[in-house]
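Chemist: Place chain B on chain A using the hints.
Chains as they are written, first to last, in numbering that gives the first Met the number 0: chain A, 0 to 478; chain B, 0 to 314.
Everything labelled a hint here was simulated from the structure, so no lab data went into it. In this text the structure is predicted, and so the values were computed from the model without any measurement. Mixed in with the good hints there might be a few duds.
As the list claims (entries may be wrong) - Here are the simulated EDC-like pairs of lysine to aspartate or glutamate, each with C-alpha atoms no more than 16 Å apart in a straight line:
id : chain 1 : residue 1 : chain 2 : residue 2
1  : A       : Lys421    : A       : Asp266
2  : A       : Lys333    : A       : Glu43
3  : B       : Lys41     : A       : Glu3
4  : A       : Lys421    : B       : Asp196
5  : B       : Lys45     : A       : Glu3
6  : B       : Lys263    : A       : Glu3
7  : B       : Lys280    : B       : Glu50
8  : A       : Lys314    : B       : Asp275
What the hints assert, rightly or not - In silico negatives: residues of chain B with every beta carbon more than 10 Å from chain A:
id : residue
9  : Leu61
10 : Gly68
11 : Thr86
12 : Asn97
13 : Gly161
14 : Asn168
15 : Glu234
16 : Lys299
17 : Ser306
For glycine and all other residues, C-beta sits at the position ideal for the given N, C-alpha and C.
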Amino acid sequence: MSFEYAPAPESRAVVSIKPKYGHFIGGKFVAGSKHFPTINPATEEVLSQIALAGKAEVDAAVKAARKAYVSTWSKMSGKERGKYLYRIARIMQERAREFAVLETLDNGKPIRESRDTDIPLAAAHFFYHAGWADKLEYAGLGTSPKPLGVAGQIIPWNFPLLMLAWKVAPALAAGNTVVLKPAESTSLTALLFAQVCQQAELPAGVVNIVTGDGSTGSLIVNHPGIDKIAFTGSTEVGKIIARAVAPTKKSVTLELGGKAANIVFDDAPIDETVEGIVNGIFFNQGHVCCAGSRLLLQENVAEEVLHKLKNRMEKIRVGDPMDKNTDVGAINSKEQLAKITELAAAGDAEGAERWSPTCNLPTKGFWFAPTIFTGVTQAHRIAREEIFGPVLSVLTFRTPQEAIEKANNTPFGLSAGIWSEKGSRTLWASQQLRAGVIWANTFNKFDPTSPFGGYKESGWGREGGRHGLSAYLKGVSHE
Amino acid sequence: MSFYGLVDGSDASLKSYLNNLSGVDQVGAEARAAMLATRSIKTTSKRWAIETAITMVDLTTLEGADTPGKVKALCTKAVRPDPTDSTVPSVGAVCVYNDMVSVARTHLDLIGGQHVPVAAVSTAFPSGRASMPVKIQDTQDAIDAGAAEIDMVIDRGAFLAGRYIDVFNEIVQIKEVCGDKAHLKVIFETGELVTYDNVRKASFLAMAAGADFIKTSTGKVVPAATPPVVLVMLEAVRDFYEMTNTRIGVKPAGGIRTTKDAIKQLVLVNETVGPDWLNPKLFRIGASALLNDLLMQRMKLDEGYYSSPQYVTMD
Numbered sequence: 000m001s002f003e004y005a006p007a008p009e010s011r012a013v014v015s016i017k018p019k020y021g022h023f024i025g026g027k028f029v030a031g032s033k034h035f036p037t038i039n040p041a042t043e044e045v046l047s048q049i050a051l052a053g054k055a056e057v058d059a060a061v062k063a064a065r066k067a068y069v070s071t072w073s074k075m076s077g078k079e080r081g082k083y084l085y086r087i088a089r090i091m092q093e094r095a096r097e098f099a100v101l102e103t104l105d106n107g108k109p110i111r112e113s114r115d116t117d118i119p120l121a122a123a124h125f126f127y128h129a130g131w132a133d134k135l136e137y138a139g140l141g142t143s144p145k146p147l148g149v150a151g152q153i154i155p156w157n158f159p160l161l162m163l164a165w166k167v168a169p170a171l172a173a174g175n176t177v178v179l180k181p182a183e184s185t186s187l188t189a190l191l192f193a194q195v196c197q198q199a200e201l202p203a204g205v206v207n208i209v210t211g212d213g214s215t216g217s218l219i220v221n222h223p224g225i226d227k228i229a230f231t232g233s234t235e236v237g238k239i240i241a242r243a244v245a246p247t248k249k250s251v252t253l254e255l256g257g258k259a260a261n262i263v264f265d266d267a268p269i270d271e272t273v274e275g276i277v278n279g280i281f282f283n284q285g286h287v288c289c290a291g292s293r294l295l296l297q298e299n300v301a302e303e304v305l306h307k308l309k310n311r312m313e314k315i316r317v318g319d320p321m322d323k324n325t326d327v328g329a330i331n332s333k334e335q336l337a338k339i340t341e342l343a344a345a346g347d348a349e350g351a352e353r354w355s356p357t358c359n360l361p362t363k364g365f366w367f368a369p370t371i372f373t374g375v376t377q378a379h380r381i382a383r384e385e386i387f388g389p390v391l392s393v394l395t396f397r398t399p400q401e402a403i404e405k406a407n408n409t410p411f412g413l414s415a416g417i418w419s420e421k422g423s424r425t426l427w428a429s430q431q432l433r434a435g436v437i438w439a440n441t442f443n444k445f446d447p448t449s450p451f452g453g454y455k456e457s458g459w460g461r462e463g464g465r466h467g468l469s470a471y472l473k474g475v476s477h478e
Numbered sequence: 000m001s002f003y004g005l006v007d008g009s010d011a012s013l014k015s016y017l018n019n020l021s022g023v024d025q026v027g028a029e030a031r032a033a034m035l036a037t038r039s040i041k042t043t044s045k046r047w048a049i050e051t052a053i054t055m056v057d058l059t060t061l062e063g064a065d066t067p068g069k070v071k072a073l074c075t076k077a078v079r080p081d082p083t084d085s086t087v088p089s090v091g092a093v094c095v096y097n098d099m100v101s102v103a104r105t106h107l108d109l110i111g112g113q114h115v116p117v118a119a120v121s122t123a124f125p126s127g128r129a130s131m132p133v134k135i136q137d138t139q140d141a142i143d144a145g146a147a148e149i150d151m152v153i154d155r156g157a158f159l160a161g162r163y164i165d166v167f168n169e170i171v172q173i174k175e176v177c178g179d180k181a182h183l184k185v186i187f188e189t190g191e192l193v194t195y196d197n198v199r200k201a202s203f204l205a206m207a208a209g210a211d212f213i214k215t216s217t218g219k220v221v222p223a224a225t226p227p228v229v230l231v232m233l234e235a236v237r238d239f240y241e242m243t244n245t246r247i248g249v250k251p252a253g254g255i256r257t258t259k260d261a262i263k264q265l266v267l268v269n270e271t272v273g274p275d276w277l278n279p280k281l282f283r284i285g286a287s288a289l290l291n292d293l294l295m296q297r298m299k300l301d302e303g304y305y306s307s308p309q310y311v312t313m314d
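Looking at chain A on its own, in the form it has when it is part of the complex:
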């Protein structure tokens, strides 16, 4: 007999999902007019009906945010603002299990990741920025930095609560008020966060959450009452936003796509490198803008690394995201699954060799087996386009210089990984790589103290750390 892990499902009882949700405007939940369903991508079960905000709701939210900015939040001392942020952070920790279960149900990511990564990091962002609220004049951003006003924030579906935290925490710490729109397929944890704002007795209108699709996002981007736009999502939409705000006075930060190179030199610590490759591309089903989606292997170790990588991939547990032993969960939506499937088919058509471990995918829901393509070259679509799924393109190189050239040969520049036991090589490579985040002997590690953001088509500005604060303050130079 072998060691089969019996199902270890996390209990759903900790969350209560309403059949229908409205918006959170001016500190109150207000009913929506039109609704659309949100589903559990692992089962296709309809979880709830989400409201679609139109002009009236967005106007009301901006008005509430402006009122709160003028009358309360911009007048409050940093010390007092910090108290609210600390309170929110503590409540998020207290209700962590609830957030984790809800995130997994709505997003499809494994409970292990929502429990151990998303929610703790989201709380950490609030704790970190709470500490800044009364110290802004010491952040090296000028003697008396001022908030921008009302921030319109549009976030993606891959890390719903964490991206909310990245946006809301620095905005509030700096004294701005916000109108936030969660992604259409993952609104539930943002709406639970709205309850946390009430529980923390955050002044009405400081945080407003309107749900909806791209049309709602467009209303926010083009709203004349908004001073700043912060967006995380695709490069395609980022360009539309950049065009829309160009003739206005709005300031903008964009965190967009990526096609990160994960570079393995021949002196890498092989077993940990294999773990890093797996974590780099299969973490969160590969729905990660900074995913290590291009693996660059030095030719003299390529065979060994691939052999070990395939063995390791046989151990990946794909399935029920609510099972505590699941490593890779469901693809977030039917549309995303179609996009991944199309790009993988292009890999086949262009002659790359596809390999996946044996895994039984559930019949309902949206699933894609962890996949690697070998024999990929720079000219393949799967080496250039962001797949945003559990698909790794493997390329090889002969010299360190060639690795850098290949790594930089992309319109993106969000992140990169370097695997080597030689410090001098790691430092040299990190200076050559044109990427905003570079990991050495690790991958996909995040921390609120560390600025995150990209070069080139991967975005404008930084989030997190002291650099991230500057995106929400006036009178200081932006990057």
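Modeler: Same frame as chain A, now just chain B:
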């Protein structure tokens, strides 16, 4: 000796073999072990794991205060860990000091425990600080007294000084004494080797020199069988199997006291080197207190509640 064709017995070939090993990244190894520690083992898989872990226990007493009476009691427990339940399997082995081997063997045979081997710690355990003739005699004595398994310690001083060939030759000589009469387990005392790079190096050194098992610790030094140390050793064993087609066993010892600790070890085995290693021929756990916790968890699965510790025997 062929040493699997990996080295020719010379200092130069051993150095080149060890220097070709890839390094271990400490942060990465610890993160992997920590992730595997989150596996949730419930119901049927927990039952299987407890049952399997019992058969893997090297039930150990290594005290200056050991007496024949104490060792006999341990043997009784080893053969039939729960006197009220004959379905509980015997443990993997009884592990004692050299002078207690004959007491243990005789008593085991007397009580129907012929299937339970006696393991003897050897080579001036736990420090290894004695001359080679003494270490050889120590081992020979234990085998003559009926030990079927020899748990030798390496000379950590020699290892840390870079005299790998001395460590290698000691293992080779002790292996010769063991011949086909006893299985050889090589103890690294990983708490004294300190780095994972050293653990990996020691693993490959010992395997090439003829170890049947590689073992973390004596139980006298802290830290001992931490999950990342065992992970690194299991990875070495997996790679060695691919190189030589030979399966080497692994024995974590020291600090594994609870069922939870033991199950974490089994998860490491399962997801690193694979299910082939999930049996007492290739995986042992050196422990004393662990057995009672396994028995209590087993009772809990049957009865649905935790019993008082008085329902398991103290020795």
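Chemist: Please confirm whether Asn97 (chain B) is truly not at the interface, meaning its C-beta sits more than 10 Å away from all C-beta atoms of chain A.
Modeler: Nearest chain A Cβ is 35 Å from Asn97 (chain B), so the label holds.
Chemist: Ser306 (chain B): least C-beta distance to chain A exceeds 10 Å?
Modeler: The claim holds: Ser306 (chain B) sits with its nearest Cβ about 23 Å from chain A, beyond 10 Å.
Chemist: Does the structure keep Lys421 (chain A) and Asp266 (chain A) at a Cα separation of 16 Å or less?
Modeler: Distance ~7 Å between Lys421 (chain A) and Asp266 (chain A) Cα, so the pair holds.
Chemist: Please check whether the beta-carbon of Gly68 (chain B) is more than 10 Å away from every beta-carbon in chain A.
Modeler: Since the minimum Cβ distance to chain A is about 38 Å, Gly68 (chain B) lies beyond 10 Å and the statement holds.
Chemist: Does the structure keep Lys421 (chain A) and Asp196 (chain B) at a Cα separation of 16 Å or less?
Modeler: holds, 14 Å
Chemist: So is Lys299 (chain B) really clear of chain A, every C-beta pair being over 10 Å apart?
Modeler: Fine: 16 Å to the nearest Cβ keeps Lys299 (chain B) off the interface.
Chemist: Would the hint linking Lys333 (chain A) and Glu43 (chain A) be met if the CA-CA limit is 16 Å?
Modeler: With a Cα-Cα distance of about 10 Å, the restraint between Lys333 (chain A) and Glu43 (chain A) holds, given a limit of 16 Å.
Chemist: If we take the beta carbon of Gly161 (chain B), is the closest beta carbon in chain A still more than 10 Å away?
Modeler: It holds; Gly161 (chain B) is separated from chain A by about 19 Å at its closest Cβ, greater than 10 Å.
Chemist: If we take the beta carbon of Glu234 (chain B), is the closest beta carbon in chain A still more than 10 Å away?
Modeler: violated, 5 Å
Chemist: Beyond 10 Å on every Cβ pair: is that true for Asn168 (chain B) relative to chain A?
Modeler: Answer for Asn168 (chain B): holds, closest chain A Cβ roughly 29 Å.
Chemist: Does the structure keep Lys45 (chain B) and Glu3 (chain A) at a Cα separation of 16 Å or less?
Modeler: At roughly 10 Å apart (the allowed maximum being 16 Å), Glu3 (chain A) and Lys45 (chain B) satisfy the hint.
Chemist: Would you check the hint for Lys314 (chain A) and Asp275 (chain B), treating anything up to 16 Å between C-alpha atoms as holding?
Modeler: holds, 14 Å
In summary, the one numbered hint that this structure violates is 15.
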